[in-house]
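**Student:** Each chain, written out:
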Amino acid sequence: MDIFFYIGLAITGFMAGLLGALLGLGGGVFVVPALVLIFGIPELKAIGTSNVAVVATSTAGASTYVRSRLANIRLGLVLLISTTLAALLSSLVASLLPARLLSGLFAVVLFYVAITMLRSGNTKDQPLEPMEGGDKTSKALGLEGTYHDAASGQTERYSPRNVRTGMGISALAGVVAGLLGVGGGIIQMPVMNLLMRIPLKVATGTSNFMIGVTATSAAFVRYANGDVDPLIAVPTALFVFLGAKVGAWLVPRTPNARLKQIFGWVAIVIALLMITRALGFDLVPGR
Amino acid sequence: MNYDGEPVNVSADADRATYQWVGLILTTGMYASFAAMGAGLVWWLAVGTPGGDTLEARVVAIDRIVPELMALNPLALINLGVLLLLATPAFTLVAEIITYAAARNWRYVGIASLVSSILLLSLTLSMKWIQLF
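For the protein sequence lines, the chains are A and B, in the order given.
Once you know that position 263 of the first sequence is 263 in our numbering, the rest is easy, because the numbers rise by one and skip nothing.
Once you know that position 25 of the second sequence is 312 in our numbering, the rest is easy, because the numbers rise by one and skip nothing.
Think of the hints as simulated: they come from the structure by calculation, not from any bench.
There's no promise every hint is true.
[As the list claims (entries may be wrong)] Only pairs whose alpha carbons sit at most 20 Å apart, straight line, appear in this in silico SDA-like list of lysine to any residue: (1) A:Lys139 <-> A:Ile115; (2) A:Lys245 <-> B:Thr314; (3) A:Lys245 <-> B:Ile398; (4) A:Lys139 <-> B:Ile398; (5) A:Lys245 <-> A:Leu89; (6) A:Lys136 <-> B:Ala322; (7) A:Lys139 <-> B:Trp393; (8) A:Lys139 <-> B:Gly397; (9) A:Lys245 <-> B:Trp393.
Sequences are here, hints too, so could you generate the full structure?
**Tutor:** Below, the structure written as structure tokens:
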């Protein structure tokens with residue numbers, strides 16, 4: 001491995017973190033295809049690297065959200081029961097799957113991300129109605145909370161609904177994290193915001209808090225299987241983190257809807273490239 | 288990211304100690320792991336990238352990290368950084384168990400213990416103490 005390889009990793013990590021932050025996603029969605037398609041790194045090693053990068057960015061994000069009380073730790077713990085178990089089991093299963101199948105599955109996730117971005121780029125965000133009167137499970141577990149919405153100047157109260165269903169569907173986020181090395185926020189966020197009726201800011205904070213624990217559950221297994229190459233994972237993780245920091249700074253200065261439109265189409269192109277790899281056509285020789 | 292506003296989460300008020308400790312551990316873990324990874328990488332590059340040719344040499348097993356650090360192997364510091372990073376979310380779970388126990392909130396002691404036990408199983412697999420496949 002030469003110096004150009006490491007410079008390439010640094011640029012890839014930085015861009016993945018930057019785009020992830022700008023589009024409200026974890027960097028993993030871009031790290032895995034870049035490592036596979038540009039650097040020819042095998043799928044499982046790319047996923048292990050992404051797992052480490054995801055823990056790095058979510059740890060940094062969660063520390064801020066927890067300190068500002070925008071993460072609901074109780075809710076996060078309840079949902080983590082199913083996500084960590086699913087992440088652990090799916091990371092074990094990932095080792096048994098053909099690499100090309102993993103590329104195909106990743107293409108499916110990218111198509112989902114693309115559709116989500118293209119749809120959200122077309123429509124204005126509709127704020128949900130204030131939510132009170134959560135379900136029995138929510139009350140029994142003491143999951144209710146309030147938060148101050150700086151935009152409206154109001155203190156909003158919320159009480160999560162459909163907690164049991166939310167726990168079930170959250171397991172999917174764990175499967176995606178364990179199998180493909182992405183954070184799982186792309187599933188966790190809609191589950192919390194749309195199904196459980198949790199305000200977007202609290203859902204974002206809680207999702208960040210959860211992603212680190214979920215990815216760790218999978219990352220230990222990848223590390224044990226020799227799929228975390230420290231000399232690939234460390235520069236990538238450090239520059240994903242730096243890119244995410246710059247991206248977070250750029251968010252309020254960037255036309256978000258237009259960006260989502262553009263990268264919705266970019267995600268479709270990447271998904272098509274991953275499908276060609278899944279079908280056996282490699283653009284670069286494997287390492 | 289927009290963190291402005293002065294949120295007053297109801298459960299957060301009840302769990303003040305939990306939030307303080309989890310926030311502290313996340314921040315400390317982040318800086319400590321990034322420092323170890325960054326310093327290890329610079330050290331490894333500065334001494335001419337020794338042992339970087341094979342994956343076996345690059346991955347230092349958990350139980351070999353301290354002896355390899357004593358032997359001044361920069362790859363051990365890089366691996367220590369990765370493990371510190373991966374251990375940080377696990378440490379937050381330990382803090383949650385302790386702070387909820389101190390508040391006598393046994394339900395959340397149980398839930399945090401359950402999540403911790405899943406992570407412990409993952410760590411156990413990574414140490415190859417048990418082998419499923």
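**Student:** Does each hint hold? Answer for all of them.
**Tutor:** The hints, checked one at a time:
{"no.": "1", "hint": "A:Lys139 <-> A:Ile115", "verdict": "35 Å, violated"}
{"no.": "2", "hint": "A:Lys245 <-> B:Thr314", "verdict": "15 Å, holds"}
{"no.": "3", "hint": "A:Lys245 <-> B:Ile398", "verdict": "32 Å, violated"}
{"no.": "4", "hint": "A:Lys139 <-> B:Ile398", "verdict": "16 Å, holds"}
{"no.": "5", "hint": "A:Lys245 <-> A:Leu89", "verdict": "32 Å, violated"}
{"no.": "6", "hint": "A:Lys136 <-> B:Ala322", "verdict": "45 Å, violated"}
{"no.": "7", "hint": "A:Lys139 <-> B:Trp393", "verdict": "16 Å, holds"}
{"no.": "8", "hint": "A:Lys139 <-> B:Gly397", "verdict": "17 Å, holds"}
{"no.": "9", "hint": "A:Lys245 <-> B:Trp393", "verdict": "38 Å, violated"}
Hint compliance for this structure: hints 1, 3, 5, 6 and 9 are broken, all remaining hints hold.
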